[in-house]
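6 protein chains.
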Amino acid sequence: MATVRSLTGEEVSAEALAVFDDIRATRNTDYINNFWRALAHDPALLKATWERLKTVMAPGALDPLTKEMLYVAVSVANNCEYCVHSHTAAARAKGMTDQMQAELLAVIAMASQTNALATALQVPVDDRFKA
Amino acid sequence: MATVRSLTGEEVSAEALAVFDDIRATRNTDYINNFWRALAHDPALLKATWERLKTVMAPGALDPLTKEMLYVAVSVANNCEYCVHSHTAAARAKGMTDQMQAELLAVIAMASQTNALATALQVPVDDRFKA
Amino acid sequence: MATVRSLTGEEVSAEALAVFDDIRATRNTDYINNFWRALAHDPALLKATWERLKTVMAPGALDPLTKEMLYVAVSVANNCEYCVHSHTAAARAKGMTDQMQAELLAVIAMASQTNALATALQVPVDDRFKA
Amino acid sequence: MATVRSLTGEEVSAEALAVFDDIRATRNTDYINNFWRALAHDPALLKATWERLKTVMAPGALDPLTKEMLYVAVSVANNCEYCVHSHTAAARAKGMTDQMQAELLAVIAMASQTNALATALQVPVDDRFKA
Amino acid sequence: MATVRSLTGEEVSAEALAVFDDIRATRNTDYINNFWRALAHDPALLKATWERLKTVMAPGALDPLTKEMLYVAVSVANNCEYCVHSHTAAARAKGMTDQMQAELLAVIAMASQTNALATALQVPVDDRFKA
Amino acid sequence: MATVRSLTGEEVSAEALAVFDDIRATRNTDYINNFWRALAHDPALLKATWERLKTVMAPGALDPLTKEMLYVAVSVANNCEYCVHSHTAAARAKGMTDQMQAELLAVIAMASQTNALATALQVPVDDRFKA
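Protein chains in written order, with UniProt numbering: chain A, 1 to 131; chain B, 1 to 131; chain C, 1 to 131; chain D, 1 to 131; chain E, 1 to 131; chain F, 1 to 131.
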């Protein structure tokens with residue numbers, strides 16, 4: 001599977017390797033997961049994606065675990081198999097417990113069903129919900 | 001708009017009114033928003049949906065604001081106009097600040113783009129991400 | 001709204017008018033709804049779409065009302081506002097009762113939530129479900 | 001694959017086993033498919049999901065086969081691989097013939113294309129379609 | 001995988017074989033890919049789908065490669081694994097270079113993120129964008 | 001509508017105004033459309049989004065009109081009303097003719113239906129399509 005083949009070590013460009021080094025340093029791991037390896041075909045896209053991700057997922061008004069669970073929620077709704085796996089694993093690594101994961105799934109399931117109902121009913125937006 | 005017409009006060013069934021009362025008591029407000037009013041055409045669906053929502057959104061291992069932001073994230077990815085409006089307003093009411101909303105949007109945007117990239121590249125899931 | 005402007009009577013081509021005539025005859029009505037009027041900008045697309053629709057929605061192993069409810073289900077899941085409205089109205093015209101509509105919505109809501117759960121859990125397909 | 005590991009027989013809780021028993025009794029089979037096994041990590045979610053499904057899919061104004069085909073239609077539009085497999089198999093078991101399946105697919109394909117066209121054209125909803 | 005089993009050579013109908021012959025002649029290849037083989041269960045759907053595809057993808061105001069890249073873009077957004085693979089391969093065969101593929105992916109990723117942002121913000125459409 | 005209110009001229013930050021200036025200079029227009037005005041609530045997100053967009057949409061191996069039509073295709077598949085309007089208008093401004101728009105729509109409709117069919121059939125990917 002994959003629409004681009006895996007690059008061998010020799011084929012990865014210097015620009016891509018520099019991004020890999022920053023991923024390793026930022027995440028404190030030697031492992032570069034397949035997503036970044038696939039993006040290495042286009043070092044400019046790899047670099048832009050990684051740098052934006054690093055900024056967006058950094059601690060802020062929302063903590064990293066909350067951000068990771070939001071990432072899982074979007075990935076499930078968008079039905080991205082790779083992303084559901086990778087971000088569930090990341091949320092686990094950031095401290096998501098069994099109970100938190102259970103509640104995350106329950107909220108996703110709940111939202112999915114009321115999303116469908118509101119769309120089926122074409123409910124008009126209440127004035128008080130408009131900014 | 002709407003695929004069902006608005007029920008007048010006389011048309012809402014006793015079973016639906018009982019649900020409305022519980023919504024009012026639980027949320028400490030007199031206001032019943034349009035989603036519940038549209039569902040009142042089917043009191044059994046109204047009741048099942050509300051009771052499940054009340055359970056799922058109650059405080060647990062995740063706090064109510066986190067759950068509400070997850071709800072927004074799913075609603076955006078599913079593109080439910082009504083739900084994006086209503087749950088953004090609910091998150092605001094539960095304490096979402098401007099900065100938190102900004103970070104919520106940034107995570108949703110980030111996930112949407114890497115979801116698309118992983119799908120376009122058909123990246124195989126790393127073994128270490130499998131449970 | 002709309003990304004193409006409405007054609008005036010004089011602007012509709014003879015090829016498009018012939019399709020309009022067939023829609024009127026097939027549906028036994030004078031009314032041409034906005035979807036077909038918008039497609040009239042491209043008579044070839046209008047004709048291909050209408051002729052395929054006429055074939056697909058004709059009575060067969062599935063009756064026209066069942067087909068129309070399936071159309072609503074897909075339109076809700078794809079979140080097409082226009083289509084949810086038009087096909088709900090069409091299902092009504094073909095005999096969908098309040099109770100049938102209520103059950104249709106309940107199935108759509110149920111499927112939406114288990115779809116999300118199966119995706120979140122990345123459940124492997126049971127061998128017995130493979131053809 | 002899967003974001004939760006398979007539970008061994010000893011790990012499934014008594015509450016989950018009771019749900020499994022009800023699934024077996026209701027469906028008149030010993031087989032518990034992977035979806036329910038994965039949900040067993042959260043017995044409360046398992047129980048809520050199963051009980052709602054049992055109610056929603058019971059015979060009513062719509063017969064069980066029609067409901068199952070609606071489930072397939074939503075699952076295809078939501079692109080849930082597991083669900084497309086499991087509900088196609090369920091529809092087969094409930095009597096969906098080759099010809100019915102062929103018409104189901106033709107309607108799904110038709111709806112998908114007119115959904116896309118209506119969205120691309122941003123067709124305004126006809127007044128007569130509003131409830 | 002697959003919700004219909006593979007037909008053996010003897011089982012493919014004469015009507016389906018005639019479509020296969022036209023695919024071979026049009027594409028100048030002996031190879032019939034799995035999509036068409038799966039559709040052969042319903043020769044009428046196979047024929048309608050192929051003939052429409054042949055018309056739509058023929059050179060016109062847009063060249064075949066541009067059409068194929070548009071097909072990839074839709075397939076990624078709709079998250080169709082089979083289609084992403086087959087149309088990426090087709091685009092490659094029609095001359096899509098590494099650099100073009102990189103730009104295609106960058107546009108898809110960009111659109112996916114601004115789509116999500118516009119939906120999250122529920123931005124009203126500017127009057128000047130309405131036809 | 002909108003989940004953030006419109007900022008008055010006094011409320012837009014200096015950082016956001018600098019982005020507006022760059023949009024005006026790049027596009028050679030005084031008009032700032034609603035999307036950018038809504039993003040101005042978060043100048044950092046506004047700036048990151050605009051700068052990435054400017055890079056991605058610049059002429060490259062793909063010309064700006066092709067990129068804009070790809071943007072429309074993704075926006076339709078993601079069902080973003082605002083984006084369908086704004087990018088259709090942008091494609092028009094960049095030279096998309098009636099005939100090109102008609103072919104764009106035909107490809108989107110075609111892809112949407114074969115995406116649905118491949119998903120419904122769960123067609124396995126041909127080995128030759130794997131990179």
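It should be emphasised that the hints constitute simulated quantities derived from the structure, not laboratory data. Be aware that one or more of the hints could be misleading.
[Claimed, not checked] Dumping the calculated EDC-like pairs for lysine to aspartate or glutamate here, alpha-carbon to alpha-carbon at most 20 Å:
no.: 1; chain 1: D; residue 1: Lys94; chain 2: C; residue 2: Glu10
no.: 2; chain 1: F; residue 1: Lys47; chain 2: F; residue 2: Glu11
no.: 3; chain 1: A; residue 1: Lys47; chain 2: F; residue 2: Glu51
no.: 4; chain 1: C; residue 1: Lys47; chain 2: C; residue 2: Glu10
[As the list claims (entries may be wrong)] Have a look at the derived ranges for each label pair, beta carbon to beta carbon:
no.: 5; chain 1: A; residue 1: Arg5; chain 2: E; residue 2: Glu10; range: 35 to 45 Å
no.: 6; chain 1: D; residue 1: Glu15; chain 2: B; residue 2: Ala58; range: 15 to 25 Å
no.: 7; chain 1: B; residue 1: Asp30; chain 2: D; residue 2: Ala93; range: 29 to 39 Å
Just so it is clear, CB atoms sit at the ideal spot from N, CA and C, and this is done for glycine as well.
- Quick check: which numbered hints come out false for this structure? Violated hints: 1 and 7; rest satisfied.
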